[in-house]
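**Student:** The whole structure should be built from the sequences, with the hints applied where relevant.
From first to last, the protein sequence lines are chains A and B.
The opening residue of the first sequence carries number 1 in this note's numbering; numbering runs sequentially from there.
The opening residue of the second sequence carries number 1 in this note's numbering; numbering runs sequentially from there.
One or more hints might be untrue.
The list makes no distinction among identical chains, and a pair is therefore deemed to hold if it is satisfied within one copy or across any two copies.
Under the rule of at most 27 Å between Cα atoms (straight-line distance), these lysine-lysine pairs were calculated in the BS3-like manner [as the list claims (entries may be wrong)]:
#1 K352 / K58
#2 K59 / K205
#3 K329 / K377
#4 K329 / K289
#5 K377 / K360
#6 K352 / K23
#7 K289 / K48
#8 K393 / K280
#9 K22 / K129
#10 K168 / K393
#11 K360 / K23
#12 K284 / K133
#13 K284 / K208
#14 K329 / K280
#15 K251 / K356
#16 K10 / K329
#17 K346 / K356
#18 K360 / K161
#19 K334 / K62
Honestly, the hints are just simulated from the structure, not real lab data.
2 protein chains.
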Amino acid sequence: MVNNTVTAPKGFLAVGLHCGVKKSGKHDLGLIVCPTGVKAAAVFTTNKIVSAAVQVCKKHVKSASISAVVVNSGNANTCTGKQGLANAVRMCGETATQIESNPGNVLVASTGIIGEQLPIGKIVSGISKAAEKLSASSESGLDFAKAIMTTDTRAKQAVRKLEISGAKVTMAGTVKGAGMIAPNMATTLCFITTDAAITKPLLSKALKAAIGNSLNRLTVDGHQSTNDTAIILASGLAGNRPIVSQCPRYKKFANVLGQLCDDLARQMALDAEGATRMFKVVIKGAASKADAARACRAVADYPLVKCAVNGGDPNWGRIICAVGSANVKLNPDKLSCKLDDVTVFKNGGPIKFDAKKASKVVSQTEHTITVDLGAGKVSDFCYGCDLSAGYVKINADYHT
Amino acid sequence: MVNNTVTAPKGFLAVGLHCGVKKSGKHDLGLIVCPTGVKAAAVFTTNKIVSAAVQVCKKHVKSASISAVVVNSGNANTCTGKQGLANAVRMCGETATQIESNPGNVLVASTGIIGEQLPIGKIVSGISKAAEKLSASSESGLDFAKAIMTTDTRAKQAVRKLEISGAKVTMAGTVKGAGMIAPNMATTLCFITTDAAITKPLLSKALKAAIGNSLNRLTVDGHQSTNDTAIILASGLAGNRPIVSQCPRYKKFANVLGQLCDDLARQMALDAEGATRMFKVVIKGAASKADAARACRAVADYPLVKCAVNGGDPNWGRIICAVGSANVKLNPDKLSCKLDDVTVFKNGGPIKFDAKKASKVVSQTEHTITVDLGAGKVSDFCYGCDLSAGYVKINADYHT
Numbered sequence: 001m002v003n004n005t006v007t008a009p010k011g012f013l014a015v016g017l018h019c020g021v022k023k024s025g026k027h028d029l030g031l032i033v034c035p036t037g038v039k040a041a042a043v044f045t046t047n048k049i050v051s052a053a054v055q056v057c058k059k060h061v062k063s064a065s066i067s068a069v070v071v072n073s074g075n076a077n078t079c080t081g082k083q084g085l086a087n088a089v090r091m092c093g094e095t096a097t098q099i100e101s102n103p104g105n106v107l108v109a110s111t112g113i114i115g116e117q118l119p120i121g122k123i124v125s126g127i128s129k130a131a132e133k134l135s136a137s138s139e140s141g142l143d144f145a146k147a148i149m150t151t152d153t154r155a156k157q158a159v160r161k162l163e164i165s166g167a168k169v170t171m172a173g174t175v176k177g178a179g180m181i182a183p184n185m186a187t188t189l190c191f192i193t194t195d196a197a198i199t200k201p202l203l204s205k206a207l208k209a210a211i212g213n214s215l216n217r218l219t220v221d222g223h224q225s226t227n228d229t230a231i232i233l234a235s236g237l238a239g240n241r242p243i244v245s246q247c248p249r250y251k252k253f254a255n256v257l258g259q260l261c262d263d264l265a266r267q268m269a270l271d272a273e274g275a276t277r278m279f280k281v282v283i284k285g286a287a288s289k290a291d292a293a294r295a296c297r298a299v300a301d302y303p304l305v306k307c308a309v310n311g312g313d314p315n316w317g318r319i320i321c322a323v324g325s326a327n328v329k330l331n332p333d334k335l336s337c338k339l340d341d342v343t344v345f346k347n348g349g350p351i352k353f354d355a356k357k358a359s360k361v362v363s364q365t366e367h368t369i370t371v372d373l374g375a376g377k378v379s380d381f382c383y384g385c386d387l388s389a390g391y392v393k394i395n396a397d398y399h400t
Numbered sequence: 001m002v003n004n005t006v007t008a009p010k011g012f013l014a015v016g017l018h019c020g021v022k023k024s025g026k027h028d029l030g031l032i033v034c035p036t037g038v039k040a041a042a043v044f045t046t047n048k049i050v051s052a053a054v055q056v057c058k059k060h061v062k063s064a065s066i067s068a069v070v071v072n073s074g075n076a077n078t079c080t081g082k083q084g085l086a087n088a089v090r091m092c093g094e095t096a097t098q099i100e101s102n103p104g105n106v107l108v109a110s111t112g113i114i115g116e117q118l119p120i121g122k123i124v125s126g127i128s129k130a131a132e133k134l135s136a137s138s139e140s141g142l143d144f145a146k147a148i149m150t151t152d153t154r155a156k157q158a159v160r161k162l163e164i165s166g167a168k169v170t171m172a173g174t175v176k177g178a179g180m181i182a183p184n185m186a187t188t189l190c191f192i193t194t195d196a197a198i199t200k201p202l203l204s205k206a207l208k209a210a211i212g213n214s215l216n217r218l219t220v221d222g223h224q225s226t227n228d229t230a231i232i233l234a235s236g237l238a239g240n241r242p243i244v245s246q247c248p249r250y251k252k253f254a255n256v257l258g259q260l261c262d263d264l265a266r267q268m269a270l271d272a273e274g275a276t277r278m279f280k281v282v283i284k285g286a287a288s289k290a291d292a293a294r295a296c297r298a299v300a301d302y303p304l305v306k307c308a309v310n311g312g313d314p315n316w317g318r319i320i321c322a323v324g325s326a327n328v329k330l331n332p333d334k335l336s337c338k339l340d341d342v343t344v345f346k347n348g349g350p351i352k353f354d355a356k357k358a359s360k361v362v363s364q365t366e367h368t369i370t371v372d373l374g375a376g377k378v379s380d381f382c383y384g385c386d387l388s389a390g391y392v393k394i395n396a397d398y399h400t
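**Tutor:** The structure is reproduced here in structure tokens:
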């Protein structure tokens, strides 16, 4: 079987296990260790309230060489004050001790409930136990992917292989995330490993672009969490001619990284809390990029559109209503809408269409809603998912 | 029994009946008729796609004297092109013929499904039948209130009495609206009658202020419809000294109108699609009015907050997360949050609180979430309601 986990690229060990944060007994602690040291880059939430882990990770990611990432799920370590900060630092310290590195070379992330202190004793014991089980097997990679899950129903992983200057390069990634997902944020938690040789600034540039076109395009409930973090680690062990400028080799790398992240974003949409199907919103004919983005999000975030998709209903009226209230330039006489290739509204008026065919389109696992604003030439897109009674159940029953 | 319907003030007749727009057989056509002519003012949706009724009503409301309002539910007459416009004009024309007035003195409103032509034949017959049943009884007023309902589960009405310069003045109102409700819009459909004597400009000023502090503060699903219309009609028959300037009499009138609209807004929140309870969000300590308003809305619109309220869960972490992602100035070290009078988060950190008491607060029919941003001295508020599995069911099963 192909290893599609974060241990697929050369130079990475991983582990995931239960240390006692989650009452369910499920995995709640994970490590990725890079014995040879790696270059790292990251993007973070733009929420003004951020977890202690994000505060610490932002500092440590500046290091020239990173030796490990430590992650816990089940507790966000957010709104936890000085004690929370000390605990995040301690997670790095304990990991560094176990692998004989420096705390400043360890990255940290947390996800879960807000406002409770970490059970740091359990996490510290867990880190020591985890260090003994580190391996490059796909089982260990999968254990790591499971360790970052919260309300996710399945591990989300992707792998890509490419050739750069004759060398075989691998990149692999895993994400968690089910609620609190919106465009204009970093993402939820996302960890990508690669054995490509590439400079830190170019790694950062490629990550930002890839996240910008994938995870940042996904909206589940219009909000970004306090803990969103995406990290990429590059070991340089593939043996490719190092990528040191925005040359064709960089473009190839960045392009495949974009595909990897798009794959992960789609998996996230389909595993969003309560989601039964996803959709892509394409806005055409916008007067500006900002208008196009705003209109995309207005459609994807509109509860009535999301409910209609849940019901498999080609309710274009709600799509038009969402666009109309998005405060964007539009030409009411040119406004048009398609569901996949079925035109349901044209030049500002309803047109006859095959209702059965349109219902079939909306009832697919994925479909594309295209709206032409008739006001310009700019396009944009985003991803959304349906709103189900299951989403409400998950989030009403999840007690603090 | 007190008449709490739109026929309570002097000078108004009303009627509501089933004419055939709704398949359910429920009321779908209503008239308010003002035999002596009244002064009118209105506010409308800011959605860029508006119904034909809104387009026609915007013109007619400029008339110095209004003789009737005609409303249908079950069909929004939106995205219906020239035919739709002609139908809206015809609704005014038929009403004018029945009551011997001019089409330009008749206001019109529609609500319901988008993108289908009105069954204008049925509506025309209905108007003629309705004209014969016009009366000033509270039964007729209630029939009108029922005729504007869509997914509402009950008629929403309010009445207020006050004294102006020794004369007894009455005002009464009814609203419909269950989904597609958000701040910064006119409202859904709202009709207010009064027998106060007041100039048209002051009537308009008072209506805008009242709606701005009530219906515009209510958010159910963050969107405004294409049909939102609020109309006030003043017959001047109360015999008060006419209100012609912003004198104390005006202030009294405006104040009571504000109370009436607040009453209607609360009724709407509690009858929002699937809603089981409502809440008020108060933002304090904001650096600007815009920040305060944005933070209010971020909390009230956040699906995770709405689900927590549905579950009776004092999940302050989601409230803080919503505020943090609202892109407003805040002081993380001063940030505080209360649920009614239970402080759950203070100066940027969680504090011990009585969880049972907090759960009780959130489980009430109404409670207040107060957040102090610690960044300034400006306050604002808005109303929201919970998100239930019922909301999803209503909107997933509502087929086009």
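**Student:** Please flag the earlier hints that this structure goes against, numbers listed from lowest up.
**Tutor:** Checked against the structure, the hints that fail are numbers 1, 5, 10, 12, 15, 16, 18, 19, while the rest are satisfied.
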